[in-house]
Amino acid sequence: MINFKQVSCCLGQQQFLYDLQIAQGQVVAIMGASGSGKSTLLNLLAGFITTDDDAARIIIGDQRVDLLEPAVRPVTTLFQEHNLFAHMSAFNNLALGIRTSLKLSEIEKTQVDKALEQVGLKGLGSRLPKELSGGQRQRVALGRALVRRKPVLLLDEPFSALDPALRQEMSALVKRLAMQNQLTVLLVTHEPKDALELANTVVFIEAGKVHWTGPSAAFLQHKDTHIKAYLGQSC
Amino acid sequence: MNSGLSKRWLWFSSISFSLVLMPLLLAIVSFASYIWQAQWLSYIFDTYTWRVVWFSWWQASLSTLISLSAAVLVARALARRQSFVGRWLLLRCFSVALVVPTIIAVFGIILLHGKYGYVNQLWSWFGGQPQSYVYGITGILLAHVFFNLPLATRILLQRLEAINGETWRLSSQLGMNSKDLWRHIEWPHIKGVLPQLAALVFALCFTSFAIVMTLGGGPKATTIEVAIFQAIRFDFDIAKAVYLSLLQMVFCGVILWAGLRLGRSIDIFVSIQTSTKNLRPDLKPFWGIVSDTLVLVLATLLVLVPLLAVVIAGINTAWFDVLFDLRLWNAFNNTLWVALGSASVSLLMASGLLLAQRHWRDRNASAALAVEWMGSVILVVPPLVLATGLFIGLNRHVNIFAINLYIVVLVNALMGLPYMLRVLSVAYLKIDKDYGRLCSSLGVQGWHRLQQVEWPILRKPISLALALVAAMSAGDLGVVALFGSPDIQTLPLLMYQRLGSYQSDAAGVTAVVLLGLCLTIFVVLERLVGGKGD
Chain A
1 MINFKQVSCC
11 LGQQQFLYDL
21 QIAQGQVVAI
31 MGASGSGKST
41 LLNLLAGFIT
51 TDDDAARIII
61 GDQRVDLLEP
71 AVRPVTTLFQ
81 EHNLFAHMSA
91 FNNLALGIRT
101 SLKLSEIEKT
111 QVDKALEQVG
121 LKGLGSRLPK
131 ELSGGQRQRV
141 ALGRALVRRK
151 PVLLLDEPFS
161 ALDPALRQEM
171 SALVKRLAMQ
181 NQLTVLLVTH
191 EPKDALELAN
201 TVVFIEAGKV
211 HWTGPSAAFL
221 QHKDTHIKAY
231 LGQSC
Chain B
1 MNSGLSKRWL
11 WFSSISFSLV
21 LMPLLLAIVS
31 FASYIWQAQW
41 LSYIFDTYTW
51 RVVWFSWWQA
61 SLSTLISLSA
71 AVLVARALAR
81 RQSFVGRWLL
91 LRCFSVALVV
101 PTIIAVFGII
111 LLHGKYGYVN
121 QLWSWFGGQP
131 QSYVYGITGI
141 LLAHVFFNLP
151 LATRILLQRL
161 EAINGETWRL
171 SSQLGMNSKD
181 LWRHIEWPHI
191 KGVLPQLAAL
201 VFALCFTSFA
211 IVMTLGGGPK
221 ATTIEVAIFQ
231 AIRFDFDIAK
241 AVYLSLLQMV
251 FCGVILWAGL
261 RLGRSIDIFV
271 SIQTSTKNLR
281 PDLKPFWGIV
291 SDTLVLVLAT
301 LLVLVPLLAV
311 VIAGINTAWF
321 DVLFDLRLWN
331 AFNNTLWVAL
341 GSASVSLLMA
351 SGLLLAQRHW
361 RDRNASAALA
371 VEWMGSVILV
381 VPPLVLATGL
391 FIGLNRHVNI
401 FAINLYIVVL
411 VNALMGLPYM
421 LRVLSVAYLK
431 IDKDYGRLCS
441 SLGVQGWHRL
451 QQVEWPILRK
461 PISLALALVA
471 AMSAGDLGVV
481 ALFGSPDIQT
491 LPLLMYQRLG
501 SYQSDAAGVT
511 AVVLLGLCLT
521 IFVVLERLVG
531 GKGD
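Chains as they are written, first to last, in our numbering: chain A, 1 to 235; chain B, 1 to 534.
Hints were generated in silico from the structure; no laboratory data involved.
C-beta: ideal position from N, C-alpha, C; glycine also.
Just to be clear, a hint being listed does not mean it is correct.
[As the list claims (entries may be wrong)] From the structure, some residues in chain B lie toward chain A, with a derived Cβ separation under 7 Å:
no.	residue
1	N120
2	K430
3	V444
4	E454
5	P456
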């Protein structure tokens, strides 16, 4: 469903080149050492970075997306931080996902309320981000991802600032919402646990390239030296 | 990737560009046409000019030295005595001093230190003869310290308050005394900002006009800035004004370049947040308490007493006459328009430049840098030099006294531009850093981005910048004096004339009206545009 064909880019000194296929409805954990190019993959897909090669293609479904503006691509992103506008209420932050003018119809307002309920924030719509906990803020952002109704959800280490218990809770929430809404999820993470609990596939990135792709369980037992070095297992 | 500027916004930016560039270009062209007429040799060997140059450097150096050393003492005392009873009052006075019109401070200093001032009255009460010391270098220094001590103290205090609690706890554990604290903690924290701060204060004193004009008291104490004015208005020697203007620009360029080279950049209008409470280990010693109290009381007196003297001088029997004088209300009107006009034009310029700067940052780094430089170039061109250029350039083609208010607005807007840019650019560029990707991923752009994201975040800094530029322009005397005519008066100009003709009662009332107007403009703009506080 998602297809990277010869997608290259160059940031500073480092070269990146991705070739990758991901089937619809998969939850994919993208793993690899810091600086290997995990976030770059997500940024290329979301359109925050553009490729410099004319032959490159990024295809989602049967639509070529690499020339589109970020806002019209069929993806929605959860960043590590700054997901919410600090001066806007949770409700408005969510409403931005539907209409950037914030002028919502009654039906759309119900949609927002429903999304707030789905992420467990019923009744907290009027709060400002600073009046919410870290976990609640990420839930608002997740709610907005839902109301945007994009088929692909990108998560860039969105729970790394949360406590272990909260992480688990959020992972479960993402998993449930992904199933309910039939989302394809790409998750950048450092936590092998996330890979096992949440994802069914792992993409391992090494030095700007896709080094290995396969089922999560196989990843953790793999004998490849790069993967073992990354996971901290002695050879 | 960035949501690009649409055509509409590029139009907006180009209006700002022409507003900034046209006056500068006109000034340059008109200077150039006089370069051939100037009698260079006679100017270069003119001893009077060199005395003026020397005096400019000397008074600015002295003013900077005194203001900064005093500011270090006051900032340190304020940082040490966080529960000092007058702290709030002193900091309030210091903020007010940033927006008080020069002519008001000058009036206050004359009331205090003039031949019949309070100091001399006290002196003769002890049996002394009244001394005349305020006109000349003493008065200039007093006024420069009045303005620059608060400015410098606020910036230094902010640096000192930024020292974190762990540092103080650690220093108590190590048993540091006051001297150790200064050497190991405080000095390293403030020395980084000192070069730029010194350059800023020096540049302000070097180009100061109204103070030297009113308190200089003769050819012995004249600066280049005043000499330019005299060359135009009294000698009608435009070539000489051009020569002096070029000199002034070279000197200002050198000062600012030195400041930029030497240290980290500073925020002019800092907000002071006291985060760590009384953690220092050196609060107990008796002599420390005595010296700090002395420093703080003296600083309060220095700023508060001249302002009080002005208010007291405003309470007199001339109220009725002055208030029913149409000239006052005419001047009031003009001042209000100059203030609001300059602030809005300045905002127009600044927002266009910032839009363009952000647009080009990702596409063309040198273009973005050029825009940034355009805002700073104004600092090298003192108000009177720019006004002179415009005066010469326009004088041949139009009746200058018919459009003088517009020119006063334009020049004051340009003068406010560096402050405007400083206050706005940090907040504006931070929006892009924090929310740029979020906005582009959600498709929040154009009008909606302005309405939903930029305005709510920027209205506070915008209100502050508008208020600052409006208050500065309301107090402007230099540009207005150059372009003013008997029909077009502003309150500072009216005050200047009343001071010159010894109508001190009328001057007092005018001063109170002007002071009230400035403070009202400041407060109203800040509240109205900035919305309610957080």
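Verification of the hints:
1. N120: violated (55 Å)
2. K430: Violated: closest Cβ of chain A sits about 11 Å from B/K430, beyond 7 Å.
3. V444: It holds, given that the least Cβ distance between B/V444 and chain A is near 5 Å, below 7 Å.
4. E454: Interface hint status for B/E454: violated (11 Å vs cutoff 7 Å).
5. P456: Where the cut-off is 7 Å and the nearest Cβ of chain A is about 4 Å from B/P456, the hint holds.
Violation of the numbered hints given earlier is confined to hints 1, 2 and 4; the remaining hints are satisfied by the structure.
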